[in-house]
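**Student:** Each chain, written out:
2 protein chains.
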Amino acid sequence: MGEVRVGLIGWGTIGTGVVKLLQRNRAHIRERLGAHLTLGGIADIDLTSDRGIKVDEKLLTKDGSALIADPSIDIIVELIGGYGVAKRFVLEAIAHGKSVVTGNKALLAVHGEEIFAAAEKAGVDLGFEASVGGGIPIIRTLKEALAGDRNQAVYGIVNGTCNYILSRMTQVGGEFQDVLRQAQAAGIAEADPSFDIDGIDSAHKLALLVQLAYGGRVPFTSIPIEGIRAVNAADIAFAKEFGYVIKLLAIAKADGREIEARVHPTMVPRTHVLADVSGPFNAITIMGEALGQTVYIGQGAGMMPTATTVVADLIEAARNRLGGTPGRVAPLGVPFAQMQRLRVKPLDDLVTQYYLRFMALDRPGVLAQITGALGRQGISIASVIQREREEKGAVPVVIHTHEASEKSLRRALAAIGKLKAVKGKPAVIRIEDRLS
Amino acid sequence: MGEVRVGLIGWGTIGTGVVKLLQRNRAHIRERLGAHLTLGGIADIDLTSDRGIKVDEKLLTKDGSALIADPSIDIIVELIGGYGVAKRFVLEAIAHGKSVVTGNKALLAVHGEEIFAAAEKAGVDLGFEASVGGGIPIIRTLKEALAGDRNQAVYGIVNGTCNYILSRMTQVGGEFQDVLRQAQAAGIAEADPSFDIDGIDSAHKLALLVQLAYGGRVPFTSIPIEGIRAVNAADIAFAKEFGYVIKLLAIAKADGREIEARVHPTMVPRTHVLADVSGPFNAITIMGEALGQTVYIGQGAGMMPTATTVVADLIEAARNRLGGTPGRVAPLGVPFAQMQRLRVKPLDDLVTQYYLRFMALDRPGVLAQITGALGRQGISIASVIQREREEKGAVPVVIHTHEASEKSLRRALAAIGKLKAVKGKPAVIRIEDRLS
Chain A
1 MGEVRVGLIG
11 WGTIGTGVVK
21 LLQRNRAHIR
31 ERLGAHLTLG
41 GIADIDLTSD
51 RGIKVDEKLL
61 TKDGSALIAD
71 PSIDIIVELI
81 GGYGVAKRFV
91 LEAIAHGKSV
101 VTGNKALLAV
111 HGEEIFAAAE
121 KAGVDLGFEA
131 SVGGGIPIIR
141 TLKEALAGDR
151 NQAVYGIVNG
161 TCNYILSRMT
171 QVGGEFQDVL
181 RQAQAAGIAE
191 ADPSFDIDGI
201 DSAHKLALLV
211 QLAYGGRVPF
221 TSIPIEGIRA
231 VNAADIAFAK
241 EFGYVIKLLA
251 IAKADGREIE
261 ARVHPTMVPR
271 THVLADVSGP
281 FNAITIMGEA
291 LGQTVYIGQG
301 AGMMPTATTV
311 VADLIEAARN
321 RLGGTPGRVA
331 PLGVPFAQMQ
341 RLRVKPLDDL
351 VTQYYLRFMA
361 LDRPGVLAQI
371 TGALGRQGIS
381 IASVIQRERE
391 EKGAVPVVIH
401 THEASEKSLR
411 RALAAIGKLK
421 AVKGKPAVIR
431 IEDRLS
Chain B
1 MGEVRVGLIG
11 WGTIGTGVVK
21 LLQRNRAHIR
31 ERLGAHLTLG
41 GIADIDLTSD
51 RGIKVDEKLL
61 TKDGSALIAD
71 PSIDIIVELI
81 GGYGVAKRFV
91 LEAIAHGKSV
101 VTGNKALLAV
111 HGEEIFAAAE
121 KAGVDLGFEA
131 SVGGGIPIIR
141 TLKEALAGDR
151 NQAVYGIVNG
161 TCNYILSRMT
171 QVGGEFQDVL
181 RQAQAAGIAE
191 ADPSFDIDGI
201 DSAHKLALLV
211 QLAYGGRVPF
221 TSIPIEGIRA
231 VNAADIAFAK
241 EFGYVIKLLA
251 IAKADGREIE
261 ARVHPTMVPR
271 THVLADVSGP
281 FNAITIMGEA
291 LGQTVYIGQG
301 AGMMPTATTV
311 VADLIEAARN
321 RLGGTPGRVA
331 PLGVPFAQMQ
341 RLRVKPLDDL
351 VTQYYLRFMA
361 LDRPGVLAQI
371 TGALGRQGIS
381 IASVIQRERE
391 EKGAVPVVIH
401 THEASEKSLR
411 RALAAIGKLK
421 AVKGKPAVIR
431 IEDRLS
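Chains as they are written, first to last, in this note's numbering: chain A, 1 to 436; chain B, 1 to 436.
Warning: the hint list may mix true and false statements.
Derived DSS-like pairs (lysine-lysine); straight-line CA-CA distance at most 27 Å [said to hold, decoys possible]:
| no. | chain 1 | residue 1 | chain 2 | residue 2 |
| --- | --- | --- | --- | --- |
| 1 | A | Lys-143 | B | Lys-20 |
| 2 | A | Lys-20 | A | Lys-54 |
| 3 | B | Lys-407 | B | Lys-425 |
| 4 | A | Lys-240 | B | Lys-240 |
| 5 | B | Lys-87 | B | Lys-58 |
| 6 | A | Lys-20 | B | Lys-143 |
| 7 | A | Lys-240 | A | Lys-423 |
| 8 | B | Lys-143 | A | Lys-143 |
| 9 | B | Lys-240 | B | Lys-425 |
| 10 | B | Lys-418 | B | Lys-407 |
| 11 | B | Lys-418 | B | Lys-392 |
| 12 | A | Lys-407 | A | Lys-425 |
Everything labelled a hint here was simulated from the structure, so no lab data went into it.
Modelling step: build the complete structure from the supplied sequences, incorporating the hints.
**Tutor:** Take a look at the structure:
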């Protein structure tokens, strides 16, 4: 029986999960692969911390390059993260003709052009199922299961930290900063949470999803990103009144010859399947021309769920190695060299419904001024909430608009910003009413 | 550029969808496969009906065997259904060394032993994604995406007809027979609906899912099956009062060295993700040891969703043909020849909660007699509803039990059946409270 040997670079949480799975499910994997899938080495700068697992000391090294160069190693798993050393190791492994499995969405979203091209040129596999959606096999699904259909839309909740914070604000209450601090105390948010809460992580994942879904290149920098720092308890409460739940969504849609790709807090109808996806769960919806709607839900992060997807990629790469077909399917489904750059629709041209909250002095005529400014840009109003009355100080004026272009909205907001009765910055949250 | 040629046998609804997709997405598929995927022939007994698509007449034949024998044809799609001719054609195609794609769950569930073994021996692919869950890529997911993990449970809604009927009874109301007739009038239920409503179709699908999930043989005949004919409006209403929704579930669970595999109407907590899956949608949940919970939702049937999965299997088989790796992954993930027969837990040993509804005369002491009979079998009671009072005639006595074995329950029911005050057959519906 054959053997395929795996070198792991980056022995953190997910790496430990991968080692656990390879050890625990050795026979199970052998049955499915028809060969042994063996851990051949681990490289990390920290070889002494107790990870709660037993590993032969001879497998350990601080020298990632040596592990890559080791001719007995067939596949390299990169789980360091970031753009620096990780990039060097991935390219080194590819240059050595080794297939690579990684969970590094940041690296692939930002330096994909270089890395995908290198993997294809070298004819090796580049598996990155672990980079999007934790335990959800969404990469494989887009690449292979839906390969015969044209995707109309791919959207979902792809960041567990944001989903935890927004779910908690919705279900338990509290302002963003307080809930963020709780999430940090619980180990769910990082000490520096900006990558998550500013939407960068979601946009990294979207950059990969949109390229897989549409078979064209989408530079990461072309994706408009808005995080969840500005979402506050009042907006969550008003959303509920309008029948919505606020989620940070990553959204890609085909629109004629252009592609929409954007990350922002979104009001989703309370009856939509994504509205019920709470806490650390991720969920991705794919709308296919022929397929209709499919939804994929699973844990968005965590040691073992993510390790499962790494090991699935390892089995795939091992199978290709044994069968003499490495690089069997291009990393993004379509060979990168053939992929055209897609036209991402400018945010200004986006047409959607909006939730707007202004803080305004409670004087006669203020609502008329605000709605007048909207009307002059052709933005019509679906409903208004203006309930509280105060002699002094500002009260919220909440408006749910019909569909309007982002450009018109910006013009209207500029005009409204000049009104003396309107205080501070308005809250603006896009509403996706026609997600199905 | 290479070409792989497809022969279609069975030009019904799904077959028409496959032809449409191959025509419409020809360039799209070529980009992903790196070769042409071409319709090389269609065999059907009816070549004249208008299917709303244009096909070169030279491709049409009434002779399936001739199409199979045609050396220019690489892959055969079997979409006839049933055990008869379909079986012959599938085995013939395999014997000719051609890969096969089929949506025929009945055939594979009942004659899988013969067909899987033949495909493996011939070293061809046997794709059957279209046989379970319509547009949901669940076969591929179990076979490849979760190959490194051990599955604890796989369960879900896999029959759209039953789900439509039960959803409608829940949301709109009505008795089973009336709603069935409406479904038949709407073309959602067949003229002879027994395969669907008696749970046979769900059990066919479960037979495939359980073998994929656990890598062992499970004969179709070892799966206990109960359909939805006996579910009535009263039970749906009482379920709601207890916080449940009634769904026809196909359930597989690992339990020590045994496997549970069963199909029956099930009360699912109203908050469970499956409770919201309505109408023609299917949904399957996989609980993995490492993975945790994942849920897959999509349209359970229909021309284009199902055609999408057929075409995905065609692309896969074509890729393997071009790469010289047909039979790359065994049809059930583990080579059939190596698969042990799994021990399916006898229904008598099943431990679950029950919903029981007895029709009893409203006399003093009847409830005590019923609960006494349950208590003597060690079955304790979570809650009781006995509301209506009538001088004459029977009133419902509804009981939600704690966990008990099916054997104890049967004994208790036999004793209760002998009570003079209890009329007719009780309604018994299993409750799955710990699905997560």
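**Student:** Run every hint past the structure and note whether it holds.
**Tutor:** Hint by hint, here is what the structure shows:
no., hint, in the structure
1, Lys-143/A - Lys-20/B, "holds (21 Å)"
2, Lys-20/A - Lys-54/A, "holds (9 Å)"
3, Lys-407/B - Lys-425/B, "holds (17 Å)"
4, Lys-240/A - Lys-240/B, "holds (24 Å)"
5, Lys-87/B - Lys-58/B, "holds (26 Å)"
6, Lys-20/A - Lys-143/B, "holds (21 Å)"
7, Lys-240/A - Lys-423/A, "holds (24 Å)"
8, Lys-143/B - Lys-143/A, "holds (15 Å)"
9, Lys-240/B - Lys-425/B, "holds (22 Å)"
10, Lys-418/B - Lys-407/B, "holds (17 Å)"
11, Lys-418/B - Lys-392/B, "holds (20 Å)"
12, Lys-407/A - Lys-425/A, "holds (17 Å)"
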